[in-house]
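Number of protein chains: 2
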Amino acid sequence: MSKEIVLALDAMGGDKGPSMVIRGANIARVRHPNLKFQLYGDQEPINNLLRRYKRLKPVSIVHHTEEHVENDLKASQALRQRKKSGMSLAISAVRDGGADGVVSAGNTGALMAFSKLSLRTLPGINRPAMVSVFPTERGECVMLDLGANIDCDSSTLVQFALMGEVFARNVLGIREPTVGLLNIGSEELKGNETIRQAASMLRKADLPIKFKGFVEGNDIPAGTVDVVVTDGFVGNVALKTAEGVAKLYIEYMRSAFRRGLLSRAGFLLARPALRALRDRVDPRAYNGGTFLGLNGVAVKSHGGTDHKGFANALSVAVDMIEHDVNPKIINELKRLHLEETPEMTKVVV
Amino acid sequence: MSKEIVLALDAMGGDKGPSMVIRGANIARVRHPNLKFQLYGDQEPINNLLRRYKRLKPVSIVHHTEEHVENDLKASQALRQRKKSGMSLAISAVRDGGADGVVSAGNTGALMAFSKLSLRTLPGINRPAMVSVFPTERGECVMLDLGANIDCDSSTLVQFALMGEVFARNVLGIREPTVGLLNIGSEELKGNETIRQAASMLRKADLPIKFKGFVEGNDIPAGTVDVVVTDGFVGNVALKTAEGVAKLYIEYMRSAFRRGLLSRAGFLLARPALRALRDRVDPRAYNGGTFLGLNGVAVKSHGGTDHKGFANALSVAVDMIEHDVNPKIINELKRLHLEETPEMTKVVV
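Residue numbers (my numbering), protein chains in the order written: chain A, 1 to 349; chain B, 1 to 349.
Hints are computed from structural coordinates only; laboratory data are not their basis.
As the structure is a prediction and not an experimental result, all values here were calculated from the model.
Take the hints with a grain of salt, since some may be wrong.
Same chains, same label: a pair holds when it works inside one copy or across any pair of copies.
Unchecked claim - For lysine to aspartate or glutamate, the following DMTMM-like pairs were computed, each having C-alpha atoms within a straight-line distance of at most 25 Å:
#, residue 1, residue 2
1, Lys-247, Glu-216
2, Lys-247, Asp-279
3, Lys-328, Glu-176
4, Lys-16, Glu-322
5, Lys-204, Glu-176
The task is simple: from the sequences and hints, build the whole structure.
Right, dumping it as structure tokens:
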């Protein structure tokens, strides 16, 4: 049996609160029998729920909290006024060694701020990035940053490339992940100075990654590369545009099948195949944005997901821990230090 | 009958060259009987093709050119070395009054560079923007800039908002278009200084537009606002990501219907509805990116489109001309001058 893993959960995060968290934990426990939980939040609803899950209860410890981080609270306010919230205490548990990772479906900005403050970044990393997995024509790819950093200099983008590569190799199991920098197409206008400099650093430096140069927006769903690197502003817009277009197409399809009797009959016949399609693009399967570059495992679940989606976010945390992603990132960065070139000194400062 | 409109066409642009251009022009001529054409390119294939379209021929004048702007040519090289190309001469025809607008499916960067140099920007406009129309859950929206300008200051974004509003009102026929600034969601990280400043200018200034504040990537396909304003880097990534995800979903759907006999039967029954769906999301229907802010009408067709898509790009040019979009933008900007506030002096400099 694998080594025991303890996850600290913000039981109050997410639109559905404790019931989603507890049910999700129960699913994850079946999937990963080596899991134990530290649950932070309002003890009464949590304990009531735990009574229903006989096998989850003995592997869970409940820590009562009075404070809660509201979804619309600014991160700076949360840092000052919600130090004793479930979110904050769950993160502290990781820092203090009481848990191997933390998962929350709560306020993203606050989770990022508490994690940065409490866990700090890995040595050699300027800023943590948010990474997630996307379905593509060829399988899956990872993209980072998805919104943790608006402006990124070229060194930061190079660090993102390294972290994303380690994530793709260890969490997605891709042997030699290819890496691309997100850019725009028009030849004349190819990117700003920052991106061009990052590309030149990634090309020149003797890095242990397969850098494929620039990619464009359509290359994300096409699966042209395994790791797409961009700043948090562009990454966030691309992520949300993709989610919106997916939703629009599913809506289009639904309304197409509602047109007339023949279409309805056709829908019934094709239903098993369409169900398989639905599962394939189920956003819950791709739930769980990981903060990479922190000195600890912190995963953000979508606030609007359900117990199945939350269970998948827990699996992402388990993957990060079982595959030693953070220690591997530290090792890659050490190699970077050893192979230091004039350019690379800038990268690792 | 409406006033005669003359379009100058770069007959050599696009992956399919003159045949797509001539067939597209023929479709557009049926749609808009007041259209006449100035065709620039290699006269031999053009004349051979025109012989097949008896009704197109009498309304077309062919101008032979020896030079051609290759797709991979840098804009700066094109400006120096392809002055006598069909693209360059077609744009000059608009400047010199020989045509009311130009349409090309060729090299985007070169088209932008020639247009800027030859047509110049409208008074009060710093930079032209590329605008296009997108299908949404509620109908259609316009987005700009789609790649003409990588970095935009806040004044430029305000000008984009004004131009996009005039376009949506006159080309899409939306009575009071709403306008949003593309941003990212996390409260703490809401945008950079430029975007926040643009929002504050749009809010404070007594502008004749309905500014709805910030929107996110998913708001584009959701149709939350009628006009989405962003810089050319983010806009280009969002556009191409959306196109890629749409392609991925159509591919998913196809493969779902290929799974087994029942699915195939279901597909046959639902085919009329699925065809309607296909037409609804047909990228050719949304072909034609317009350069807004130029002292003349210039429309860029997708290079990979076919004659139907090219005909739609021609319709976009006709709409721009018939609805006097450029004179209306100038008028809006004049109102801006009249209502000048300390902030707005910066906008219109």
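Checked hints:
For the identical chains of this complex, Lys-247 and Glu-216 are neighbours both inside a copy (22 Å) and across copies (15 Å), given an alpha-carbon limit of 25 Å. Taking the shortest alpha-carbon separations for Lys-247 and Asp-279, both the intra-copy value of 14 Å and the inter-copy value of 18 Å come in at or below 25 Å. When the C-alpha separation of Lys-328 and Glu-176 is checked against a cutoff of 25 Å, the pair qualifies only within one copy, where the shortest distance is 15 Å, while the shortest distance between copies is 55 Å. In the homo-oligomer, the alpha carbons of Lys-16 and Glu-322 never lie at most 25 Å apart, since the shortest distance is 28 Å inside one protomer and 53 Å across protomers.
For the identical chains of this complex, Lys-204 and Glu-176 are intra-copy neighbours only, at 19 Å inside a copy versus 52 Å across copies, given an alpha-carbon limit of 25 Å.
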